[in-house]
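Based on the provided sequences and hints, a complete structural model is requested.
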Amino acid sequence: MERYNRAMFKINQNVDKAVLKPVATGYKDAVPIPVRKGVTNFFGNLGDVWSMANDFAQGHVVEGLNGFMRVGVNTVFGVFGVLDISSEMGLYKQPNDFGLTLARYGIDSGPYFVMPLLGPSTIRDAAGTGVGIYYAPFNYTTNNAAVRNAATVLQLVNTRANLLSTTALLEQIALDPYVFTRDAYLQQRRSQVKAVRSEGILSPGPLDSGGDDADAGNLGQDSNAMDSGAQAEPTSSSAASPAAPLSETLSSRAVPSNSPTANPAASAARP
Amino acid sequence: MFRTFKTALLLPALALGLMAASPAVRADTPAPVQVIQKLTDSVMDAVNNDPALKSGDPQKVMQLVETKVLPFVDFQHMTASAVGRYWRQATPTQQKELQQQFKLLLIHTYSGAVSQIKNQKVEYLPFRAAPNATNVVVRTRVLNNGEPIQLDYRLVQMDHDWKIADVNVMGIWLVDNYRGVFAQEIGQKGVEGLIQTLTTRNKELAQAGGAKG
Chain A
1 MERYNRAMFK INQNVDKAVL KPVATGYKDA VPIPVRKGVT NFFGNLGDVW SMANDFAQGH
61 VVEGLNGFMR VGVNTVFGVF GVLDISSEMG LYKQPNDFGL TLARYGIDSG PYFVMPLLGP
121 STIRDAAGTG VGIYYAPFNY TTNNAAVRNA ATVLQLVNTR ANLLSTTALL EQIALDPYVF
181 TRDAYLQQRR SQVKAVRSEG ILSPGPLDSG GDDADAGNLG QDSNAMDSGA QAEPTSSSAA
241 SPAAPLSETL SSRAVPSNSP TANPAASAAR P
Chain B
1 MFRTFKTALL LPALALGLMA ASPAVRADTP APVQVIQKLT DSVMDAVNND PALKSGDPQK
61 VMQLVETKVL PFVDFQHMTA SAVGRYWRQA TPTQQKELQQ QFKLLLIHTY SGAVSQIKNQ
121 KVEYLPFRAA PNATNVVVRT RVLNNGEPIQ LDYRLVQMDH DWKIADVNVM GIWLVDNYRG
181 VFAQEIGQKG VEGLIQTLTT RNKELAQAGG AKG
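So the protein sequences, as listed, match chains A and B.
In this text, residue positions in the first sequence follow the working numbering: the first is 1, and each later residue adds one.
In this text, residue positions in the second sequence follow the working numbering: the first is 1, and each later residue adds one.
What the hints contain is simulated information worked out from the structure, not anything from laboratory work.
Among these hints, one or two may not hold up.
According to the in silico footprint, chain A covers these stretches of chain B (three or more CB under 8 angstroms from chain A) [claimed, not checked]: (1) 102–114; (2) 167–179.
Incomplete in silico selection of chain A near chain B, CB under 10 angstroms [unchecked claim]: (3) THR25; (4) ASP29; (5) PRO32; (6) SER191.
We treat Cβ as the ideally placed atom computed from N, Cα and C, and that holds for glycine.
So, in structure tokens, the structure goes:
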């Protein structure tokens, strides 16, 4: 598997270098920031619909309602999602996807798998991505294939443009970009999976009470994703649910005295 | 469950934008959280008040790191953790060398990140740890264009001071993430080989940075 993955990683890198990155750089130079932000928001709003569907599919009703309000507000008041008014109101984005829904119902990640063009994934998450693409909300907005394809290209280029500085940094600091990217992807995914699995239905946040320092060795069910023996010891990592930062913050502010642990809740926002 | 319903009830309030009010820093803020607040404040202040720093001027960034960040970081812990089980096989000289090179690499990483600092708002999530814990996590959310970015810090207690041992950006622990790469490098070329690779990479980065500045 690693041989295929490394080869595909290389191909993706080359395609990116030859086509996507130059196009995205040109796009970034030519298109003013407000327009690019509008494009990001527009596709982000469609993405929120899919996140919301997965929130509900996972039984995370609070997150689902948050997504529902986000989409509602942004679609109605934000000119079909071009303006992200919800975020300004404090209704933040909580990305979710079908791979996490599969994980929620007990499906393990399977081996690490580099998808053609789309990059790092696992067998499970690649299946999730496939389902996500099939049900992409934009497919239901128009029957015109040319418009759909143009939108897909625009979304791709815009996303790549947003990532230009990140990938520049990655190229600098990674000794072996393949391994670094793989481990980063798997680590992030494990932390997301842990979050969606630990939340009860209707729960605003992960149920683990000790933060994430207490539970070292959380590799657990997803450890089989590693495709080389390089990282033999469990990583003591994981984090609060990236999918539910809002409600976490919220609940801490709402009921500091009811906090399940005895420690004082220190929650402060700076202007 | 109680928490849950309160949360659900709060959603409409949220929609009205009542969340804008920010509670002041509490007097009983735990020490590790204070460390991160101090660090965050001083770095953000420095960057926002110095255009050269903001543009990522390598020398200025180095200076910032030396004076404002290094005092809060435990590089030995960081390096030992990234090198993992091989750490004990390394000689004291090699350990020192590894620490030095890893530090340089992280400083380069940090320089890249400094240029991204704007007027982001940082929120501190509730801090949870046992009263006598010596290894804790401070969780924050950086509000960047409205989309919250997870930024967590692992701190260890050294004597009386709390020092940063790892940083988590969007679910990825940075030092942890080097473990796989380092293990592979050591497996192929030994500890000396890893030191070589790091030194070469740092030299390249220094040259690239110098050319830019």
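Hint check:
Check result for the region 102–114 of chain B against chain A: holds, 5 residues qualifying (beta carbon to beta carbon below 8 angstroms, three or more required). By the rule of at least three residues with a Cβ nearer than 8 angstroms to a Cβ of chain A, the coverage given for the region 167–179 of chain B holds, with 9 such residues. Contact between A/THR25 and chain B, as hinted, is not supported at the beta carbon level, the nearest pair being about 17 angstroms apart and thus beyond 10 angstroms. Taking 10 angstroms as the C-beta contact cut-off toward chain B, the hint placing A/ASP29 at the interface is violated, the least distance being around 17 angstroms.
Of the supplied interface hints, the one on A/PRO32 is violated, with its beta-carbon coming no nearer than about 15 angstroms to a beta-carbon of chain B, more than 10 angstroms. The restraint placing A/SER191 at the interface with chain B holds, with a minimum CB-CB distance near 4 angstroms, inside the 10 angstroms limit.
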